[in-house]
Amino acid sequence: MFLYHSDMAEDADIDLRAAFNAISDVVQNRPRPLRVFDQIYMKAGDMVLQSELVARWANGKKLAFIGDGDAISVCVAYLHKREIINYGPTEIAVFDFDERICGAVTRFADNERLDQIRAELYNCLDAFPGPTDFDCFYTNPPWGASNDGESVKVFLQRGLEATGYAGEGMVVIADDPDLDWPKRVLSNVQTFAMQSGFFVQRMMPQLHYYHLDDAPNLRSCNLIFKALPGNRLPGPSQRVSDPARLAHFYGRDNPPRVRYVREKERLDYGKAHEDEYSLELLEDSHGTHH
Amino acid sequence: MAPIIRPGEGLLYMKVGTHAQETLEDIIERKRKEIENAGFALWGYGGNTCHPVSMVQPFARNFERKAGVLYLCMQQMNSKHFAPPIRATEMSPDGFTWEKIPLAINVKGSRYALAIKNLRQDDFDLALARTKVAIGNSMGRIGSQYVAGRVDKACLEVSDEGVTQPHDEPVVHIGLIAEIVSPYAVFVRD
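Line order of the protein sequences matches chains U and Y. With the numbering used here as the guide, the letters of the first sequence map in order to residues 1197 to 1486. With the numbering used here as the guide, the letters of the second sequence map in order to residues 882 to 1071.
Simulated from the structure, these hints should not be mistaken for lab results. Each hint should be verified, as a subset may be incorrect.
Claimed, not checked - Some chain Y residues near chain U, calculated using beta-carbon distances under 8 Å:
| no. | residue |
| --- | --- |
| 1 | 935 |
| 2 | 998 |
| 3 | 1018 |
| 4 | 1022 |
| 5 | 1025 |
| 6 | 1031 |
As the list claims (entries may be wrong) - Far from chain Y, some chain U residues (derived; all Cβ distances over 10 Å):
| no. | residue |
| --- | --- |
| 7 | 1228 |
| 8 | 1314 |
| 9 | 1321 |
| 10 | 1438 |
Ideal Cβ placement from N, Cα and C applies to all residues, glycine included.
Please model the entire structure based on the sequences and the hints provided.
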């Protein structure tokens, strides 16, 4: 048996083969990423380690995912359900503007009887629908290379709202020693969090790789925030409509234009689509077709 | 003769070769005729390093303002590209609004295409180490470090030392250039 020893807990040895196979089940279930919306998937090995980390960090808590193309939410719930890890959140809610992602979460949860996870169609530019009593949130947003982290701040703001400005959050963003823009984004995001009554509890640098063909060596870090004691919700959640915040949301001169990605319903989820192939039949011994 | 690409200006670098089972020589000949007949050609390509909306269009708008002309600098390579030569019938600058591609223009086996004119053979060396990536998640990375492995094209900004004069660093040989024209890059579909 291959074991992974968690750096978060002294007593956490994990059956790596079982963990990888569980993550493989989740990856098989994910919709293909839409790069135009910065859906860029984390590599599977990093997903295993990240899921274990998130499960332990949010153990016994209510956890909100502000967007989750990677499906870390499902991995966390599934690893726990399969008893590959014996800890995890009590409740998980996924908020995503892509109906395919919400549908994939819902279908997988139904198939595997993951009772603690649900998904809700939500665009983070809209006011946060609530509830706001989550203990913690997780987000891996568009990294803001062209907007100095403004897109990260929008997702972070929704996460803070999900906890009523009183919880913890894990933000996954770019972290590269050779590039300038990730440093500016890290600085701006931390400043925004501090102005919102949060402090940086932990920073885990240069952890994850992605299926990112235009930046194959770019890594991301985990930035973990925690609310200061007595921190309060500043007011009701508001729609984000300031053009200055949105002008470069998905890259330079590329503001959001889409509210939701809608799923085209089909009966062959997770299967090869019939429009991908055709069948050429064997001939039998009499030269006729079956 | 090398085009004048000054420090601070941009260029789009691309490795080119056989595409959709058609040789580069045949593609060049076909594209020249397209430019004669339609005023421009669509140069098909794929991959996210030069995504039309998030990379090429904002890059081209920015650097065309600075230099007036944005060059596509192409390095010939041996390649096998097995994509089926299916002709695209529609193009879109944003993925939302689509229009018919003129009959004089044939883009085959591609998802994206650059709008180009003045396609011509040339002969000069380009010091990728004197460039840096101009846009996207790798913005700021040195061009020679970025163009490696599966990365075979890039939106680059020329550094202060210039890019086409002799340098000690390794260079790539540019044998084909074109001017990128509005709308710079489009999505195409059949």
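Do the hints match the structure? See the list:
1. 935: holds, 4 Å
2. 998: violated, 23 Å
3. 1018: At about 4 Å, which falls below the 8 Å cut-off, the nearest Cβ of chain U leaves the hint on residue 1018 (chain Y) intact, so it holds.
4. 1022: holds, 6 Å
5. 1025: violated, 13 Å
6. 1031: This hint holds: residue 1031 (chain Y) lies near chain U, its Cβ roughly 6 Å from the closest one there, short of 8 Å.
7. 1228: holds, 13 Å
8. 1314: holds, 31 Å
9. 1321: Holds, since 18 Å exceeds 10 Å.
10. 1438: Answer for residue 1438 (chain U): holds, closest chain Y Cβ roughly 20 Å.
Checked against the numbered hints given earlier, this structure breaks hints 2, 5; the rest are met.
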